[in-house]
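Chemist: These protein sequence lines are chains X and F, in that order.
Sequential numbering from 1 applies to the first sequence in our numbering.
Sequential numbering from 328 applies to the second sequence in our numbering.
Hint data in this document are derived by calculation from the structure and do not stem from the laboratory.
Mixed in with the good hints, there may be bad ones.
[Stated by the list, open to error] Footprint (simulated), chain F over chain X, 3 or more residues, beta carbon under 8 angstroms:
{"#": "1", "stretch": "78-92"}
{"#": "2", "stretch": "99-105"}
{"#": "3", "stretch": "243-250"}
[Unchecked claim] FRET-style restraints, in silico, Cβ to Cβ:
{"#": "4", "chain 1": "X", "residue 1": "75", "chain 2": "F", "residue 2": "578", "range": "49 to 55 angstroms"}
{"#": "5", "chain 1": "F", "residue 1": "578", "chain 2": "X", "residue 2": "15", "range": "43 to 49 angstroms"}
{"#": "6", "chain 1": "X", "residue 1": "298", "chain 2": "F", "residue 2": "662", "range": "42 to 48 angstroms"}
{"#": "7", "chain 1": "X", "residue 1": "6", "chain 2": "F", "residue 2": "337", "range": "49 to 55 angstroms"}
{"#": "8", "chain 1": "F", "residue 1": "658", "chain 2": "X", "residue 2": "295", "range": "57 to 63 angstroms"}
{"#": "9", "chain 1": "F", "residue 1": "662", "chain 2": "X", "residue 2": "75", "range": "19 to 25 angstroms"}
[To be verified] Here's a subset of chain F near chain X, in silico, CB distances under 7 angstroms, partners left out:
{"#": "10", "residue": "330"}
{"#": "11", "residue": "333"}
{"#": "12", "residue": "482"}
{"#": "13", "residue": "485"}
{"#": "14", "residue": "486"}
The beta-carbon is built from N, C-alpha and C at its ideal position, and this holds for glycine as well.
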Amino acid sequence: MVCAMVAVLEIEGLRKTYRSRRRGERRALDGFDMVVEAGQVHGFLGPNGSGKTTTLRTLLGLIRPNGGRMAILGQEVPANLPAVVGKVGAIVESPQFFPHFSAQDTLSLLADAGNLSQQRVPEVLEVVGLRDRAKERVKTYSLGMKQRLAVASALLKNPQLLILDEPANGLDPGGIREMRDLMRDLSASGMTVLLSSHILGEVQQICDSVTIISLGRRVAAGPVAEVLAQHSSGGLRVRLESSADLPAAAQVLVASGVRVDIQPDHLLVSGVDKPSSVTRMLAGRDLYVSELAPITVDLESVFLELTGTAPVAGQHRQVDQSAEVPA
Amino acid sequence: MKGLVRAEFRRLFKRRVTRLMLGLLVLALGTIITAFSLASHKIGPSELAAAETKAQSAYETQLRYHEQGVAECEAAKARGENVNEQYPPDCGREFGPQREQFDAEWFLPYEFNFHDEFGIFISVFAGIVALAAYIIGASFVGAEWHSGGMMNLLLWRPKRLSVLFTKLGVLLTSVLGVSLALGTLWTIALWLIGKFDGQTGKMTQGTWESFAISGARGIGLVLAVAAIAYGLASVGRHTAMALGVAIGAGVISEIGLRIALDIAGVKFADRYYLSTYAMAWFEKKWTLEDWNACNFSISGECKPDVFVVTWQQSALVFGLGTAVVLIAATWLMRRRDVT
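Chain X extracted, bound-state conformation (with noise of 0.2 angstroms):
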C-alpha cells in the first residue's frame, strides 16, 4: 500500500538576492526547493552562509523573497502568513529576548499578542526546564538557557509546525539529550518539525528526512537512509586472521577485477557485487577472513562531500567557499 504524506512545508525555486551598494549583489536564494512532510522531523542542514537562515526567515515573513513559491499547511506564504501563523511556532538564529524582562514575563507578552491562554505560560516553562528561574531577568541566563527560553516561546501556540535554527546551540550535554527527546516526543504527538543544525550526529540520530543546502541551492534531500545509501561507496572493510597475508590477498583481488586499497591492519575493497565472493575467492587461496564489514557512510561525510566544505590541510576555507552544483 502506498501512503500519499501531506506537505506541511513546501518551497519551490526560492530566491533572494542582497543588494548592497558596496558590496554589489549576492545571491542567498538561488532557486531552492524543499519539501517537509506531516509528522516527521526534518533536518535542514548546510554551511555557514549557505542560506539557512535566509529560507527560514523568508518562510517567517521576516524577508522578502525575489522569486519562487512558498506554502505552511497547504496555504501561500506570506500572503496567507496570518492565518497560519498561530500554527507555526519558530526560534530563528541565535535567541533575541528583552534583556530586562524575566522569561515569565516575556512569555506571558507573547501569549497576550497571540490572544492564548496564561495557562500556557507556566506549561511550556516545564516542558524546557525553566520553572524555577521563570522569575529572573533574561540577561542573567546563560546561552542554554535563552535557548530553552526561546524554544518554550516557540511551543507556546502548541504549533503543528515547529521551525527551531539551531535549538541546541549553547545547551550543555543533558541540555541536548533533553531537546533531542522533546522533538521525539513532539513528533510522536504529531508535530511536524523543521530542524536547523551543525550537529550532524543530532540530525542523524533524531531526523527521518534531511535537505542538504550549499550556496542557496538544494544539494541532497530524502530520508536520511536514502542519502546515505546514495553516498555510500559500497565498499568492504577485510581483515586476515594474519596481517602478513594482506599483499597476497590483495594480488587475489585486483587479479578478479575489483580495486584494492592496502592499510596497515585491513584491505578497503571496492566494486564488489556480493560481498561472499570475498571470501569465497580468499578461502580458495587458504586466506581466511577475519572480518568482512560493510563501510557505511555517516551524515557528517555526506555533508562534507555535498557542500565541498571539508577541511584541507594547509588550506584556511572561507566562509562562502562551498560546492558548485548545477541549477
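Once you've looked at the hints, dock chain F against the given chain X.
Modeler: Just chain F now, with coordinates in the frame of chain X:
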C-alpha cells in the same frame, strides 16, 4: 488585535525606561511645585506694613549717606580744596533721595499670580513632558528592534503595519493619558499655590478656556514629539537614532544655522530656527523684528520691520515633520528585510 493592544500596554509600562522617565517626570514637576510653593507668599496687611518699613529704612539709609556726602564736600570746601571734580554743584545738596522713590512694592516677597503666570507654566509643563515622551517613544520601539523583541513579535504578528501602528497607538494613548492626568494635577497644584500662597487673580470662563486651549496645544506638541521619536527610532531600529537626530537637529538649527545666517546677514534669520516655531506655537504668534530697518511712523518714531510667525505656521512645520517621519517609518516597515 485586542490581545496585541493589551500586550503592548503591558510591555510599555513594564519597561524600565518608561518607569524611570515617569518617576523623573513626577520628581521634576513636583520639585517645581514645591519650589514655587515655598517661594510664593500671600501679601496681606502685615507683609505690606513690613515692606513699607523696609522702604522707609532704605530711604533713611540713602538719606544718611547723602547727608554724609554733602557734609564731607562742605568740609573739603572749607579746607579750600577743589571739589568740583568729585562733587556736583552745591555738593549735590539738591540731589538728595526722595521718599517716593522707595516703593514699598519692591520690598514685597514674590507672590504667585495664577491668572497672570499659569500660561508660562503650561509651556514649562509641556516642555518637560515632551522630553520624557521623546525618550519613552524612542525607546519603546528602538530597544525592541535592537534587542530582537520586535522580530519575535513579528513571528507572532506578521502584519507589520498593524504591529507598527498598534504600538504607536498604545504609545500615544499612554502619553495622552499621562499628560492629562499630570496636567490636571499640575493645574490643581498651581491653583492651590495661588489660592493659599499667592493670588488666583480674576478667573473668568474665558481665562479658563484660554488655558484649556494652551494646554491642548501643549499636549498636541507632546504627542507630535512622541510620534517623531517613535518614527525615527523605528527607521533606525535603535533608540540612539532618535536621540542622535534630536541632538543633531538642535545643533544644526540652533547653533550651526544661527552662525551661518548671522554671517550671511539674512533678514529675520530666526524664522529658520525650530525654537521660533515652538515659541509661536505656545504664544499663538511670535514677532521677529529687524532693527536695521527704520520705518518712520506718523509721530516720526523709527519702527523696525516685523515678521510674524503664527501658531498655524508652527502647526504646519511640526505636522509636516511628524508626517514625513511616520511615512518613512511606514515605508521601511513594509519594505525592509528583518535580518
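Chemist: Each hint needs a verdict: does it hold in this structure or not?
Modeler: Here is how each hint holds up against the structure:
no. : hint                               : verdict
1   : 78-92                              : holds (count 6)
2   : 99-105                             : holds (count 4)
3   : 243-250                            : violated (count 0)
4   : X:75 to F:578: 49 to 55 angstroms  : holds, 51 angstroms
5   : F:578 to X:15: 43 to 49 angstroms  : holds, 45 angstroms
6   : X:298 to F:662: 42 to 48 angstroms : holds, 44 angstroms
7   : X:6 to F:337: 49 to 55 angstroms   : violated, 38 angstroms
8   : F:658 to X:295: 57 to 63 angstroms : holds, 58 angstroms
9   : F:662 to X:75: 19 to 25 angstroms  : holds, 23 angstroms
10  : 330                                : holds, 4 angstroms
11  : 333                                : holds, 5 angstroms
12  : 482                                : holds, 5 angstroms
13  : 485                                : holds, 4 angstroms
14  : 486                                : holds, 6 angstroms
In the structure shown, a violation is registered for the earlier hints numbered 3 and 7, in ascending order.
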